[in-house]
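Generate coordinates for the entire structure from the input sequences, incorporating the hints supplied.
Listed below are the residues making up each chain.
2 protein chains.
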Amino acid sequence: MSDSGYVHGYSLREAARLADQADTLAELLHHDTRFPAGSKVLECGCGNGAQTIHLAASSPEAEIVSVDISPEHLARAKARIEAAGYGNVEFQIADVFDLPFAEESFDHVFVCYVLEHVTGPERALECLRRVLKPGGSITAIEGDHGSWYCHPTTPEAERTVACQVEIQASHGGDALIGRRLFPLLCGAGFHTVHVSPRLVYVDDSRPDLIEGFSKNTFIAMVEGVREQALELGLIDEASWDKGIADMYKATGPGGTFCYTFFKGTALK
Amino acid sequence: MSDSGYVHGYSLREAARLADQADTLAELLHHDTRFPAGSKVLECGCGNGAQTIHLAASSPEAEIVSVDISPEHLARAKARIEAAGYGNVEFQIADVFDLPFAEESFDHVFVCYVLEHVTGPERALECLRRVLKPGGSITAIEGDHGSWYCHPTTPEAERTVACQVEIQASHGGDALIGRRLFPLLCGAGFHTVHVSPRLVYVDDSRPDLIEGFSKNTFIAMVEGVREQALELGLIDEASWDKGIADMYKATGPGGTFCYTFFKGTALK
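Protein sequences appear in the order of chains U and Z. Positions 1281 to 1548 (the working numbering) are the ones given, in order, by the first sequence. Positions 1281 to 1548 (the working numbering) are the ones given, in order, by the second sequence.
It is worth saying that the hints were derived from the structure and are not from the lab. Any given hint could turn out to be false.
[What the hints assert, rightly or not] Away from chain U, derived, C-beta distances all over 10 Å, residues of chain Z:
no. : residue
1   : Pro1316
2   : Val1345
3   : Asn1368
4   : Gln1372
5   : Asp1424
6   : Arg1460
7   : Asp1483
8   : Asp1484
9   : Asn1496
10  : Gln1508
11  : Ala1525
12  : Gly1534
13  : Cys1538
14  : Thr1540
[Unchecked claim] Residues from chain Z that face chain U, not an exhaustive set, calculated with beta carbons under 10 Å:
no. : residue
15  : Ser1319
16  : Cys1430
17  : Thr1434
18  : Phe1462
19  : Leu1479
20  : Pro1487
21  : Gly1535
22  : Phe1542
Ideal placement from N, C-alpha and C gives every residue a C-beta, glycine not left out.
Here is the structure:
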């Protein structure tokens, strides 16, 4: 993946969105991830540290190495972890396809929202497998935009989300990767593969998720590709604006919102 | 809902499908439903008794009254419950919109895969609310065909499922009702509404679900509307056959399958 090809971009608004997402979903996605004292953990594609902060908190005595291809992201991640006072994370620039680590260097690998953006996710998993010790584990978390739906829904709302999927595909990624996590992990040579879906369901009784997930995570993400969608001619401006407005309507009274993340674990 | 308008029909194959579905999904959908000894429970739209058998087993000392609009269905349900040796269920012909019970007759109401088929699900809920005692509970379970997706997927596979949704809509039903359960229950005057999604995720590690859910429940259901889809001109024969074949491919090695049911509970 080239730095400039990252579909969500590197803006501060995007950084805030990723932080919102990570905090709201932390319990759902991270509650069952704990790495033992003294174990060496590679977090690949840490971005601005939205997940790193949860890894550092959940596994305080593990030795975490967080890498990312973007110096801007890495600097923010480092600042965030230092501000929170954690001392168990080292940061390093690295490309998943060219990891600067010897074979069998790590006890555990953690990768979140990365495979969806790379061309050749199975090859990326093979690269991660190489630096893992025999018997070591990988934990991979991905979304699947095809799992999204809302009520009330409209063709325009569905089209805006489809635009995001198509744009991500045009960058070589796959926004529908969650459903593929099991065969990808198997295909990369891992065994004891287990994938568990994590469904986020939002209705009027869950105002924290309306704000933290539906609006500030999901709709904000889709809104982020507006210019690309219009430039590529994937949708006209009026339809786009109606689609986004319709999605916001589904965050109002009587509306509902659904999305599923997939968490996979496997052994080398 | 008129008897003849029931989208899935009344064939024996359909009866087997509904039984398969109920057994495979029983734990997922029923594990948290228990009615106390002596309580009066109305199961509305019991069909051939696929859910009744689980209600009877889970609440052995409740007094269950199971009603359905179809004499054929009701006869099968009665035979099934008698064969299993349960004595806690009475059967009666009834239409949800014209229930032959006095106001405030029941402590609990249970309704499963019924609201999706009726024209006016909110009105149906109001009719059920009428026969419920103040403080009594309703439990409603529905699917949402828009929550289905698979890997690998194809436009034809997605189109066959969309045909089912359109056919159900043409009968006045709504195959996307799961996502609406929360606002429907609120709109019908219930309070303390809680809706919990129940996601069925199937990959190679879950052969029982490949057979019991993906093939014998979901694909079998879609296959059941083949003639209607072709007669209505919703799809051509070649596309239909490819779509079904593609869905079966997703039940093979490396394939995955997802579907979400919604279970709502609320009080009068």
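Outcome of the hint check:
1. The non-interface label for proline 1316(Z) is consistent with chain U: the shortest C-beta to C-beta separation is roughly 25 Å, beyond 10 Å.
2. With 10 Å as the threshold on Cβ separation, the claim that valine 1345(Z) sits away from chain U holds: the shortest Cβ distance comes to roughly 30 Å.
3. With a least CB separation of 33 Å from chain U, asparagine 1368(Z) remains clear of the 10 Å interface cut-off, as annotated.
4. Separation of glutamine 1372(Z) from chain U is adequate, the least Cβ-Cβ distance of about 34 Å exceeding the 10 Å criterion.
5. At roughly 8 Å, the least C-beta separation between aspartate 1424(Z) and chain U is not larger than 10 Å, which violates its mark as non-interface.
6. For arginine 1460(Z), the requirement that its beta carbon stay farther than 10 Å from each beta carbon of chain U is not met, with the minimum near 5 Å.
7. Distance check for aspartate 1483(Z) against chain U: the nearest CB is about 4 Å away, which does not clear 10 Å, and the non-interface claim fails.
8. With a closest Cβ-Cβ approach of about 7 Å to chain U, aspartate 1484(Z) is found to fall inside the 10 Å limit, against its non-interface label.
9. Look at asparagine 1496(Z): its CB is around 21 Å from the nearest CB on chain U, clear of 10 Å, so calling it non-interface holds up.
10. The claim that glutamine 1508(Z) lies off the interface holds: its Cβ sits roughly 23 Å from the closest Cβ of chain U, which is beyond the 10 Å cut-off.
11. At roughly 19 Å from the closest C-beta of chain U, the C-beta of alanine 1525(Z) stays outside 10 Å, upholding its exclusion from the interface.
12. Non-interface status of glycine 1534(Z) relative to chain U is broken: a Cβ of that chain comes within 10 Å, the nearest being about 4 Å off.
13. For cysteine 1538(Z), the requirement that its beta carbon stay farther than 10 Å from each beta carbon of chain U is not met, with the minimum near 6 Å.
14. A Cβ of chain U approaches the Cβ of threonine 1540(Z) within 10 Å, the least distance being about 7 Å, so the stated non-interface status is violated.
15. Hint status for serine 1319(Z) relative to chain U: violated, with the closest Cβ pair at about 26 Å, above 10 Å.
16. The beta carbon of cysteine 1430(Z) is positioned within 10 Å of a beta carbon in chain U (closest approach about 7 Å), and the interface hint is therefore held.
17. A hinted interface residue such as threonine 1434(Z) counts as satisfied when its beta carbon comes closer than 10 Å to some beta carbon of chain U; here the least separation is about 13 Å, so the hint is violated.
18. Proximity of phenylalanine 1462(Z) to chain U holds as hinted, the smallest CB-CB distance being about 4 Å (cut-off 10 Å).
19. Interface restraint check: leucine 1479(Z) against chain U, minimum CB-CB distance 5 Å, threshold 10 Å, status holds.
20. With its C-beta approaching chain U no nearer than about 13 Å, proline 1487(Z) sits outside the 10 Å limit, and its interface hint is violated.
21. Contact between glycine 1535(Z) and chain U, as hinted, is supported at the beta carbon level, the nearest pair being about 8 Å apart and thus within 10 Å.
22. Proximity of phenylalanine 1542(Z) to chain U holds as hinted, the smallest CB-CB distance being about 8 Å (cut-off 10 Å).
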